[in-house]
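Peer 1: Listed below are the residues making up each chain.
There are 2 protein chains.
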Amino acid sequence: MNATLELLNSHRSVRTYTPDPIPEEHILRAVEAGQAASTSSAVQAYCVIRVRDEGERRSLAELAGPQEKVAVAPEFFVICGDTRRHRLMTRRAGLEYSGNLEAFLLAVIDASLFAQNLCVAFESMGYGICYIGGLRNDLARVDEVLEIPEGVYPLYGLCVGVPAEEPSHRPRLPASSVLFDDRYPDDQAMLEEIDRYDEGYSAYRVARGASPGTWSGIMGSKFASPQRGDLGPYYRGKGADLS
Amino acid sequence: MNATLELLNSHRSVRTYTPDPIPEEHILRAVEAGQAASTSSAVQAYCVIRVRDEGERRSLAELAGPQEKVAVAPEFFVICGDTRRHRLMTRRAGLEYSGNLEAFLLAVIDASLFAQNLCVAFESMGYGICYIGGLRNDLARVDEVLEIPEGVYPLYGLCVGVPAEEPSHRPRLPASSVLFDDRYPDDQAMLEEIDRYDEGYSAYRVARGASPGTWSGIMGSKFASPQRGDLGPYYRGKGADLS
Numbered sequence: 001m002n003a004t005l006e007l008l009n010s011h012r013s014v015r016t017y018t019p020d021p022i023p024e025e026h027i028l029r030a031v032e033a034g035q036a037a038s039t040s041s042a043v044q045a046y047c048v049i050r051v052r053d054e055g056e057r058r059s060l061a062e063l064a065g066p067q068e069k070v071a072v073a074p075e076f077f078v079i080c081g082d083t084r085r086h087r088l089m090t091r092r093a094g095l096e097y098s099g100n101l102e103a104f105l106l107a108v109i110d111a112s113l114f115a116q117n118l119c120v121a122f123e124s125m126g127y128g129i130c131y132i133g134g135l136r137n138d139l140a141r142v143d144e145v146l147e148i149p150e151g152v153y154p155l156y157g158l159c160v161g162v163p164a165e166e167p168s169h170r171p172r173l174p175a176s177s178v179l180f181d182d183r184y185p186d187d188q189a190m191l192e193e194i195d196r197y198d199e200g201y202s203a204y205r206v207a208r209g210a211s212p213g214t215w216s217g218i219m220g221s222k223f224a225s226p227q228r229g230d231l232g233p234y235y236r237g238k239g240a241d242l243s
Numbered sequence: 001m002n003a004t005l006e007l008l009n010s011h012r013s014v015r016t017y018t019p020d021p022i023p024e025e026h027i028l029r030a031v032e033a034g035q036a037a038s039t040s041s042a043v044q045a046y047c048v049i050r051v052r053d054e055g056e057r058r059s060l061a062e063l064a065g066p067q068e069k070v071a072v073a074p075e076f077f078v079i080c081g082d083t084r085r086h087r088l089m090t091r092r093a094g095l096e097y098s099g100n101l102e103a104f105l106l107a108v109i110d111a112s113l114f115a116q117n118l119c120v121a122f123e124s125m126g127y128g129i130c131y132i133g134g135l136r137n138d139l140a141r142v143d144e145v146l147e148i149p150e151g152v153y154p155l156y157g158l159c160v161g162v163p164a165e166e167p168s169h170r171p172r173l174p175a176s177s178v179l180f181d182d183r184y185p186d187d188q189a190m191l192e193e194i195d196r197y198d199e200g201y202s203a204y205r206v207a208r209g210a211s212p213g214t215w216s217g218i219m220g221s222k223f224a225s226p227q228r229g230d231l232g233p234y235y236r237g238k239g240a241d242l243s
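Residue numbers (our numbering), protein chains in the order written: chain A, 1 to 243; chain B, 1 to 243.
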């Protein structure tokens, strides 16, 4: 196995960090490696806001959970889909921007390919990372705190720092449950795979001191109650036509 | 610069491949490295369909462009957001699945973090990759060809093979145009950055024999006409509530 495969496989989300700062040069390298990811027809529909202001960090930490690590991580980034540059270009050409679902999806996908490369780059330099989906708890407030303009869609946060913990590996579904030859499996076959996965997942939770629980049990109740129900109106308000 | 950073920075989309097959073991390694990426609260909301049937490949190649590489690449994968497993779990618990925009976004983001790790893993083993957004030209037909069920959202394709070309590097925006400290820049500052980028981008196009064109000119006209306008009804029809 080569060094990159080893690095990818060794990923764990790291949630506590030493106070060591990250040199500017490392941040720049990681961002450039992020930008080297594929981007649909060169649209580069993403940007990243590095949040340095302590008060702003504290506000974001509060709305994201609260999650103290957002306030205290050596670096905290907000990953955004960015259609604003395209809007500027369209307007300059005397045309009208079309913010349909394809344009929104392009931005979400482009931003996520960028973000994952960014994370792998940071990890290759010895840092630990943790995505912060909790940012979507209150995106209107994120906009207020960071004054994020129309056409820029905050998606999630990212904490980065030198690891101060060695978390255990959260088991994934077997590859046979995500990779399929030609056809998606039937429900019964999938349920049987999940039942087998449940056993190991439950053991992992107990081993790390969490309440016992199977993957299927947790997922089954998680997706029964709608979460973050205001995302549609929010992104539409930022200029995304999701119709 | 470490080996992984070098690998990330050396990425170019590769569109022609030698006929060499990819060993099963390499595919499995790449998928497992993909699965090692972060996933929001372990939801693992993705799957990948490996298209082996020649007739199906030919159909997908047609609707994606046509793009011959989709038919002839040693491997072609369809990356999907997958909410079907969660639906099965919810139903088994006697509850109702809530397919709101948050659940859809989770799937798109999770799938894209997985896909980017998958690509980096393949590249680390010497393969070249090319994302195929053209799959979204006609997702209803993709569903027909591959019989993709409710709750599974095809997002894009992925060609993989041993490179038979050495493409040049498409220049990216300067890092200063995507990484911002605390605040998104004002429009005038952004336009000036883009004007500088336009020069190099145009030179790149000419050097590779494409028609001359600036990034801002191409983006300005691209986003003036709505593309793939049927994505909203399509994904809603698959069970995603985007309201």
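Keep in mind that the hints were calculated from the coordinates and are not lab data.
C-beta: ideal position from N, C-alpha, C; glycine also.
Errors might be hidden in some of the hints.
[To be verified] Some chain A residues close to chain B (C-beta under 10 Å, calculated; not the full set):
1) T16
2) T18
3) M89
4) E144
5) L146
6) V162
7) S202
Peer 1: Check the structure against each numbered hint from earlier and tell me which ones fail, lowest number first.
Peer 2: Violated hints: 1, 2, 4, 6 and 7; rest satisfied.
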